[in-house]
Amino acid sequence: MAATKTTFTRDAGLQSRMLLTLFLLGALYVAFVGVLFAAGVQGFMILLIAGGFAALQFFTSDKLALHAMGAREVTPQEAPELHSMIERLCIQADLPKPKIAVAYTEMPNAFAIGKSQKSATVCATTGIMKMLTPAELEGVMAHELAHVKNRDVMIMTIASFFASVAAMILQFGFLFGGGHSDDDDGPGFLVILLASLVVYVLSFLLMMALSRYREFSADRGAALTTGRPSALASALRKISSGMDRLPQQDLRAANELSAFFIASPKKVIGGLFATHPPMEKRIEQLMRLEGELQRGVPAAA
Amino acid sequence: MGFLDAIMGGKKKLKAPPAADKLFAMSTAYVTLSTGHGIDTKGVAAIVFQPLATADFEAIVSEMEELLAGTGADTGTTISTSEDSHGYRWIELRDDDIEDLVVGVHAVSDALMVGGYGDRVLAAVFAYKDSKGRRVYFIYNYKRGFWYPFVPSSGTQSRDGERELQIKAMIGTELPIEPELERWFPLWGIPI
Numbered sequence: 001m002a003a004t005k006t007t008f009t010r011d012a013g014l015q016s017r018m019l020l021t022l023f024l025l026g027a028l029y030v031a032f033v034g035v036l037f038a039a040g041v042q043g044f045m046i047l048l049i050a051g052g053f054a055a056l057q058f059f060t061s062d063k064l065a066l067h068a069m070g071a072r073e074v075t076p077q078e079a080p081e082l083h084s085m086i087e088r089l090c091i092q093a094d095l096p097k098p099k100i101a102v103a104y105t106e107m108p109n110a111f112a113i114g115k116s117q118k119s120a121t122v123c124a125t126t127g128i129m130k131m132l133t134p135a136e137l138e139g140v141m142a143h144e145l146a147h148v149k150n151r152d153v154m155i156m157t158i159a160s161f162f163a164s165v166a167a168m169i170l171q172f173g174f175l176f177g178g179g180h181s182d183d184d185d186g187p188g189f190l191v192i193l194l195a196s197l198v199v200y201v202l203s204f205l206l207m208m209a210l211s212r213y214r215e216f217s218a219d220r221g222a223a224l225t226t227g228r229p230s231a232l233a234s235a236l237r238k239i240s241s242g243m244d245r246l247p248q249q250d251l252r253a254a255n256e257l258s259a260f261f262i263a264s265p266k267k268v269i270g271g272l273f274a275t276h277p278p279m280e281k282r283i284e285q286l287m288r289l290e291g292e293l294q295r296g297v298p299a300a301a
Numbered sequence: 001m002g003f004l005d006a007i008m009g010g011k012k013k014l015k016a017p018p019a020a021d022k023l024f025a026m027s028t029a030y031v032t033l034s035t036g037h038g039i040d041t042k043g044v045a046a047i048v049f050q051p052l053a054t055a056d057f058e059a060i061v062s063e064m065e066e067l068l069a070g071t072g073a074d075t076g077t078t079i080s081t082s083e084d085s086h087g088y089r090w091i092e093l094r095d096d097d098i099e100d101l102v103v104g105v106h107a108v109s110d111a112l113m114v115g116g117y118g119d120r121v122l123a124a125v126f127a128y129k130d131s132k133g134r135r136v137y138f139i140y141n142y143k144r145g146f147w148y149p150f151v152p153s154s155g156t157q158s159r160d161g162e163r164e165l166q167i168k169a170m171i172g173t174e175l176p177i178e179p180e181l182e183r184w185f186p187l188w189g190i191p192i
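Chains R and Z, in that order, are what the protein sequence lines are. Going by the numbering used here, the first sequence opens with residue 1, and the numbers climb by one from there. Going by the numbering used here, the second sequence opens with residue 1, and the numbers climb by one from there.
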């Protein structure tokens, strides 16, 4: 049926890899909660306290992130081009219009924050707006909107919940565990500590993998929204070469937020530890999509 | 969008595309607008989409333009094409008969959909003016299958929200109006 055809085909491989990662992460967390329960009251209390902290972080993170970047919401009168570009992309992506912010920094980057589609904010730096052509910037903003559409902030926050719990338990452990000799802590606490360490390390690796898959899928979403994969590829190339020349101060402030940037501000650490896939891989994927387009989709059967 | 789709980051496409009769609702709604409220057609409508720089896409567009020129010989509809600063392409149709405009706009979107490029269509826009000569646009969002009024006012990117809501009240149930006000997206720089 002609009506259900899309410009691009689905990427089943990416989706199954992402599903596997989510499954492993879920299984890991289920096991972790099991250990906490088995260890008794102590572990459960820690879970509650850590949960409280995580929730607090979750509900204040938006404003903190914007503030840390020195970003400010802009009105349509202040940034008419950016607003109308995003309005059109929202029609194409079937999203409500997010808040739009601009960060006054030379670092070429963009990010999206917000727990839901309705409360989302997308932000571009003045550096990226200067560096890219309108079509390239459109690709980047479409990438950020795809993060909003895919609810990536929510998913990564939930995915990182138990990882933060584990991290907190480890900190507790080092603070109070080593202080006094054996007795009342008993073996229960040691088990919790060990389990936390394992959970922390494994979930870290899984989350980085998940984050990379979300990037690929946001690139894909951007290509679907704009129909111009090459424009985004070209933007990524410009950004990656621009990033190398940048001073370190800006990057340090941005480290914490890197998960939702268009490009990772850190130097590529590569492999398992990177939140973003290597640029070449992303560009390669976009070029594959462009190839699909250029060959032309089959006419209605 | 389902839970799994959200998790998987998949499915950018909406369910079934909205039935074409929602577009055609304009032909009857126009009678109410014109006779009851003094909002008359400017004799022009447009459809706006993202052009793809591919041979297949351009072939489909030029084929469709030829078709329109052919039927235009009978109906008196003339067409012209322009591109705006955002890189979107507008196909403008001129005809004093609103039904011919609706049929023409539908022909364009249908050709793109049959060609597999339905998701490139941004919107259809019908241009009207009220009794005081002010511009009133009706925008049809294909992805959602809803109409909404758009009344730009003087100044950078400002619109007359009050007037738009009045028009929504006038039209009542004759046109499927976008229920979520935050999706009444403006379109700046409409060439018609």
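Just so you know, these hints were derived from the structure itself, not from any lab. Warning: the hint list may mix true and false statements.
Calculated lysine-lysine pairs in the BS3-like style (CA-CA distance at most 25 Å, straight line) [claimed, not checked]:
#, chain 1, residue 1, chain 2, residue 2
1, R, K99, Z, K22
2, Z, K168, R, K97
3, R, K63, R, K99
4, R, K99, R, K118
5, R, K118, Z, K168
6, Z, K22, Z, K132
7, Z, K42, Z, K132
8, Z, K42, R, K118
9, Z, K42, R, K97
Hints, one by one, checked against the model:
A C-alpha spacing of about 30 Å is found between K99/R and K22/Z, which places the hinted pair above 25 Å, so the restraint is violated. With a C-alpha separation of about 21 Å, the suggested pair K168/Z and K97/R falls inside the 25 Å cut-off, and the hint holds. Proximity of K63/R to K99/R is assessed by CA-CA distance (about 12 Å); at most 25 Å being required, the pair is judged to hold. Between K99/R and K118/R the alpha-carbon distance is near 9 Å, which keeps this suggested pair within the 25 Å criterion.
This hinted pair checks out: K118/R and K168/Z have alpha carbons roughly 23 Å apart, not beyond 25 Å. Using a Cα cut-off of 25 Å, the hinted pair K22/Z and K132/Z is violated, with the two alpha carbons roughly 28 Å apart. A hinted pair counts as satisfied when its Cα atoms are at most 25 Å apart, and K42/Z with K132/Z qualifies at roughly 13 Å. Distance hint between K42/Z and K118/R is unfulfilled; the C-alpha atoms sit about 36 Å from each other, more than 25 Å.
For the given pair, K42/Z sits about 30 Å from K97/R by alpha-carbon distance, which is inconsistent with the 25 Å threshold.
Hint check: violations occur at hints 1, 6, 8 and 9; the rest are consistent with the structure.
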